[in-house]
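Colleague: Given next are the chains, with one letter for each unit.
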Amino acid sequence: MAARPWRLAIISLIFALTVWIWALAGILFLIRWNAVERPGPPVRELFPYGEMRIGVDASNPPFAVATADDLFGLEIDLGHALAEEIGVPVRFINMGYDGLYDSIRADQVDMVISTLTMDPLRTNDVRYTQPYFDAGMVLVSPLNSPITAMSDLSGHTLSYEFGSDADSAARLWLRRIQAFETQPYELPEYALDAVRLGHADAALVDAPSARLYLRDHRNWLVQMNYVTSVPYAIALRINRWNTWERVSLALQALSDNGTLESILKKWL
Amino acid sequence: MMNRMFAKFRNFTNLIPRWWIWYYRALLAGIILTSLAPVGPRAPLGAPQTVETVKPQVCVHTRLIDEVYEWKIQRSLKLIREMGADTIVEFFPWAYIEREKGHYDWASADVIARHARNQGIKIIARMGLVPAWARADLEEGFTTLNYLPEESFDDFATFVAAFAERYAGEIDQIIIWNEPNLSFEWGYRGVDPAGYARLLQAVYAPAHAANPNVLILAAPLAPTLEPQGSPNGLNDLLYLEALYQEGAADYFDVLAVHTYGFTEPPEAEPGADQLNFRRAELLHDIMQRYDNPQKPISITESGWNDSPRWTKAVRPALRIQYTINAFEYAEQNWDWLDKLCVWVFRYPAPTFSYPDYFTFVTSDFQLKPIYYAVQNYARGWETSENLWLPAPGD
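So the protein lines, in turn, are chains H and Y. Under the numbering used here, the letters of the first sequence match residues 1 to 268, in that order. Under the numbering used here, the letters of the second sequence match residues 1 to 394, in that order.
Because the hints were derived from the structure by calculation, they are not lab data. Just so we're clear, the structure is a prediction, and the values are computed from it rather than from any experiment. Take these hints with a grain of salt, some might be off.
Pair ranges (Cβ atoms, derived) [claimed, not checked]:
| no. | chain 1 | residue 1 | chain 2 | residue 2 | range |
| --- | --- | --- | --- | --- | --- |
| 1 | H | 120 | Y | 99 | 20 to 26 Å |
| 2 | H | 20 | Y | 29 | 26 to 32 Å |
| 3 | H | 15 | Y | 7 | 18 to 24 Å |
Yeah, the Cβ is synthetic: ideal placement off N, Cα and C, and Gly gets one too.
Chain H on its own, in the form it takes in the complex (with noise of 0.2 Å):
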């Protein structure tokens, strides 16, 4: 009888163990189908009408902006630039920033390429890339300063734009750590000015208003951290995987060929 208790165990190790290697075999089996390449759907599929129509609101220059009879701008460059990776004609609809989703569920664009950030509420009716731009506030310091962090700040003075997000985030940072000196000025320009004319020792402001004006002022060598993150996708159709995943397959391929860093450096 003693016998038996150690049988049943035995047998069940055995079937635990055999279950084992059937998952890990169809582990492998999966890891092996991934790695195969095989052809995707054709271009006709993945965008039924013959062109990859772009939903943008032309007003948040510099990525969107329109002229009487033209568009441009960084996301207009990177609409041109993905359908020539994927090869389709390219058609952009400007509309304003309400009706961007409801074009996407409603089929009047195959995507939305418009400073749209990846919004949670909204999963259940689109479906986001990589981002390809991250608009988050940045701390700017000269270089080497020891200000690297928000959390550097004590003791020091933060300059940053009135009434702007940074505004909120110097207030909501003031709560957290030992003080610091503030300097609200008008514009987010005069706040980097204060830094690098010695009023200031780091600016809070929005990553593209750096880069910007970081552009102008070549010689004035500083470093930047993000204290926040904003990160700017695509959106598509939920139910459009095949577009998506084609969509995204190029943008990663716009990354690593240095194309997607070439727009943004031609922007901001």
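Chain Y: place on chain H using the hints.
Modeller: Structure of chain Y alone, referenced to chain H:
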């Protein structure tokens, strides 16, 4: 049979080392502890409050209906009261309340109404968003929540009447639809002033029958210069004129207006080809030509945006100045105006785009400088000068 199985199981468990029992106990304790969640903050009603203000025109548009937590609704309304605004405009989507035909779920609307009453704040209700059962997807594709087919006008009217009856004496101003001069707001169809006039007609009598004191507000139109035949929409001046020509005047009591300043100061001259704050005067002129000159106007959306990127935004400092000047301009020059409601007090969650820069308070309840500026104005408090430093010179 069962005894034999239990015996086998006992024998099997006897093989497990004794210290394993502590592992199972720890696992069980972990499951229990992690399933425990703190009780959410409650939002008990305090003593009824009244709004202290010296500027009764001051009003804000809120977005409370999408707020999950009751305490956040309460806190928003408390901050609005403390700012000195005695009225809010709030959205009550049909699709949220009547998800199934004839079955009303008033819970969310009741919470807002209850807390607004407690804070002494009046509500102007905006109606819109069509439930799925009333909009039936088209063969050629999905329809959006703004798609209201003519066959459902009576269903919508029934809902508005039910709303008017339930909140009679509490919410006596109801806006029918939003910006129908934009194709996006008209369910991605060509805009149709005649169709919207029929919608007003369908709603007017049932709403008044349900609440004789209700005021029906014609939908505010989006300020836009879109020409006739544009797929995006129609110029608000042209649309309003067409609406009157379709005989809509008898089917609304107040004209709601949206007027934004964009990059211009509030005093900037209006013009048919200009979008600025005083465009409201052009809409008022059209109303004077076609309607009872005593019919009031309420501006249910207005303001300036201080996004760092948007082309139609100004800097935060200028936004504050323009907003206060707009209130003063309206008070001194527009005797036909009832309320001037500024878009928007707060969003339940950030949009992560330029609309966030219309707010007075962040989603996590950080008060922006514009909140304090409007509070000073509405409550007649002294304001401090020099909110920012002069530009550092080279």
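Colleague: Take a look at whether the Cβ-Cβ distance between residue 120 of chain H and residue 99 of chain Y falls inside 20 to 26 Å.
Modeller: holds (23 Å)
Colleague: Is 18 to 24 Å respected by the C-beta to C-beta distance linking residue 15 of chain H and residue 7 of chain Y?
Modeller: holds (21 Å)
Colleague: Taking the CB of residue 20 of chain H and the CB of residue 29 of chain Y, does the distance hold inside 26 to 32 Å?
Modeller: Check passed, 29 Å falls within 26 to 32 Å.
Of the numbered hints given earlier, the model fails none.
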